[in-house]
Each structure stands twice: as structure tokens, then as C-alpha cells.
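Engineer: These protein sequence lines are chains A and B, in that order. Numbering of the first sequence is given in my numbering, commencing with residue 1 and proceeding in unit increments. Numbering of the second sequence is given in my numbering, commencing with residue 1 and proceeding in unit increments.
No lab work stands behind these hints: they were computed from the structure. Please note that a few of the clues may not be correct.
Footprint (simulated), chain A over chain B, 3 or more residues, beta carbon under 8 Å [what the hints assert, rightly or not]:
#1 44–51
#2 134–142
The list that follows gives simulated cross-link-like pairs (lysine-lysine, DSBU-like), each with its CA atoms no further than 30 Å apart [stated by the list, open to error]:
#3 A:K16 <-> A:K50
#4 A:K16 <-> B:K52
#5 A:K16 <-> A:K167
#6 A:K179 <-> A:K167
#7 A:K184 <-> A:K167
#8 A:K50 <-> B:K52
#9 B:K52 <-> A:K42
#10 A:K16 <-> A:K184
#11 B:K52 <-> A:K12
#12 A:K16 <-> A:K42
#13 A:K42 <-> A:K167
#14 A:K16 <-> A:K179
Every residue, glycine too, gets a C-beta built ideally from N, C-alpha and C.
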Amino acid sequence: MATEQELSDFLKSVEKRAFKRSMYHVRNEESALDIVQDSMMKLAEHYGHKSPEELPMLFQRILVNCTMDWFRRQKTQNALFSRMSDFESGNEDDNFNILEVLSQSANSEQNESAENQADRAQTLQQIEMAIQDLPARQREAFLMRYWEEMDVAETATAMGCSQGSVKTHCSRAVAALGKALIAKGIHV
Amino acid sequence: MNNQSMMQNRNSEQLIDAYGARLSAWLDPSANQIPADVMERLRASRMQAIAKRRILKIETATSVFANNATATLGGDAHFGFWGRAASLVPLVALLVGLMGIGVLQENQRAQELAEVDTAILTDELPPNAYTDAGFAQFLKASARD
Numbered sequence: 001m002a003t004e005q006e007l008s009d010f011l012k013s014v015e016k017r018a019f020k021r022s023m024y025h026v027r028n029e030e031s032a033l034d035i036v037q038d039s040m041m042k043l044a045e046h047y048g049h050k051s052p053e054e055l056p057m058l059f060q061r062i063l064v065n066c067t068m069d070w071f072r073r074q075k076t077q078n079a080l081f082s083r084m085s086d087f088e089s090g091n092e093d094d095n096f097n098i099l100e101v102l103s104q105s106a107n108s109e110q111n112e113s114a115e116n117q118a119d120r121a122q123t124l125q126q127i128e129m130a131i132q133d134l135p136a137r138q139r140e141a142f143l144m145r146y147w148e149e150m151d152v153a154e155t156a157t158a159m160g161c162s163q164g165s166v167k168t169h170c171s172r173a174v175a176a177l178g179k180a181l182i183a184k185g186i187h188v
Numbered sequence: 001m002n003n004q005s006m007m008q009n010r011n012s013e014q015l016i017d018a019y020g021a022r023l024s025a026w027l028d029p030s031a032n033q034i035p036a037d038v039m040e041r042l043r044a045s046r047m048q049a050i051a052k053r054r055i056l057k058i059e060t061a062t063s064v065f066a067n068n069a070t071a072t073l074g075g076d077a078h079f080g081f082w083g084r085a086a087s088l089v090p091l092v093a094l095l096v097g098l099m100g101i102g103v104l105q106e107n108q109r110a111q112e113l114a115e116v117d118t119a120i121l122t123d124e125l126p127p128n129a130y131t132d133a134g135f136a137q138f139l140k141a142s143a144r145d
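Based on the sequences and whatever the hints tell you, model everything.
Structural biologist: This is the structure in C-alpha cells:
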């Protein structure tokens, strides 16, 4: 069973990223804070007796659920329908071959160019905007898989879907991000 | 699926993962650029969550102590037999109340009918009542009885 100190340390270690993740989803500071607070309360209330090793996965799952609950509560907003409909894949541009771009990007010297040509802050802002424009499930999968560095199985558990779905969401997310950023002249 | 296509899939997955990791690495600094007021609210939320856990812990400990240190499993720990019986009291009170109202209304109606009958019987008989065939029949029947 996690001690009070362990629970506190755990929450402290995840709260910033949890807030940023929620911000990418809901694009509203107050709502993002509410989601994080709700997640923390639920973790402490229902799973405070669990061992420290179990807390990260539980928290990720709770955060996903709280975020989805937030979307469900937005009854009157069009955002609900536009984003919930994004659970299905959007209109993909088949002509855009992300693998080709990625293989070029991996071998080129352009990795440095983003830093040299543009301000880092501006690049970050563009990346954040591109992430915000992703469909909800793709954004969730991308952030958990790459930013939180969870493996495919963990991400699938947290999202409540199959590993195949996670891979599909991730590959579509990366393709969409690559396309959006390259269109803006950003080569990461 | 042949070996070549499996290799291709693996390569494309690796490329996607590598690009995803590179992109997300850009996000790392953003998590450290959170405004002070937001950080303060996050801290408050954390403290609130910890406090909630503390309250739950104390509540559990008290209930075990109150049961002579006998912890029992059960979904409805807060309500014993008497607790459940007590929860039926309002329902019983409602039923008794409804029955009382019914009896009162019936008594009131009987009282009203009795008053009307009394008024009719004690009133003087109008002379033209004797010309009424029905009343004459009533008098004959009464005389026979």
C-alpha cells in the first residue's frame, strides 16, 4: 500500500504533464485543471490503498476517463460532436506518404534546421497546435505512447482498446503531425 | 504475410516510433513552463486529494474500532437490521396517515348525510305532498308494515 508520502510524490511527478495533456485536449486552463483535480481525487479515494507501482497505470486510465467525461458533459458545444466523431479516422490523404518523408527526415541534416531557422518556442507552439488539431483518440494515443513513453500494451490498457488500435492511432497521428508540420516548413 | 512484408512493416513502425519520439521530445520543455498560478492550483489539488485519502483512512479505522475490532466484509456496512428497519418508519407513517385521512373523510360524509336526513324528517310536510302518487304509495306501504 502506498504511503501518504509516496502518493503525494507520485502525484507531484505526474501533475505537470497531466495538466499539459488535458490542455491539449480541452484547450481551456480551467477545464484542464478540473480534469487533473478530478483524476487526483479519484485516484486517492478509490486507489489510495494500491501499491506505488500500480499508481501510474491507474492514474493514466483515470485521466483518460475524466477527459472523456468532460467531453460528454459538453452537451451544447459542437466540439463534442466534432471531436467525438474524430474517434473514427478522418479523411486521410492517401497521396501523402509519411514513411517516405520520415525516412528522408531521419537521414537528413534537417534535424538541426528547426533550431537554426526558427525560434524554438515558435516551433514548439506549432507542434502543440498540430497536436491539438489531432482527433481525440489519436492525440491520446500519441501523447501516452511517445510523450509518456508507455509501451503499446500499457497504452491499450489505459485507453481501453486493442494494441492494434493503438498502433493505428499512433501511425495516423504521426502521419497527420508530420504532414501538418512539413506544410509549415518545420522539419523535426 | 511473407518475410519481406513483415520486415517492411517493422521498418515503418520503427520510423513512425522514431518520429513520434522526436516530436514528443519537443514537448518536454512545455511541461516545465507552466505558470505559477496553475502550479499553485495543482499543488492545492494534490493536497486536497491526499487529505481525502486521509479522511477515508480515518473513517475505516473508526468503523473497525466501533465493531470491537472485528472487520467484516459487506457492501452495506453502515446499515444494520435496525438501521434498515428505521428507514421503513417514514413509509409506515405515510400509510398510517393515508388510512387516517380516509377514515376521517368517510365519517365526515356520513355526518353530512345524517344532517340532511334529519333536516328532511324534522321539517314540516307540505300539503301538496299528499297529492303526490309516490308519497301516497309510500304511506300505504308504511301503514302495512
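Engineer: Could you run down the list of hints and mark each one as holding or not?
Structural biologist: Verification of the hints:
{"no.": "1", "hint": "44–51", "in the structure": "holds (count 5)"}
{"no.": "2", "hint": "134–142", "in the structure": "violated (count 0)"}
{"no.": "3", "hint": "A:K16 <-> A:K50", "in the structure": "22 Å, holds"}
{"no.": "4", "hint": "A:K16 <-> B:K52", "in the structure": "21 Å, holds"}
{"no.": "5", "hint": "A:K16 <-> A:K167", "in the structure": "26 Å, holds"}
{"no.": "6", "hint": "A:K179 <-> A:K167", "in the structure": "18 Å, holds"}
{"no.": "7", "hint": "A:K184 <-> A:K167", "in the structure": "26 Å, holds"}
{"no.": "8", "hint": "A:K50 <-> B:K52", "in the structure": "15 Å, holds"}
{"no.": "9", "hint": "B:K52 <-> A:K42", "in the structure": "10 Å, holds"}
{"no.": "10", "hint": "A:K16 <-> A:K184", "in the structure": "28 Å, holds"}
{"no.": "11", "hint": "B:K52 <-> A:K12", "in the structure": "16 Å, holds"}
{"no.": "12", "hint": "A:K16 <-> A:K42", "in the structure": "17 Å, holds"}
{"no.": "13", "hint": "A:K42 <-> A:K167", "in the structure": "29 Å, holds"}
{"no.": "14", "hint": "A:K16 <-> A:K179", "in the structure": "28 Å, holds"}
In terms of the numbered hints stated before, the structure departs from hint 2 and from no other.
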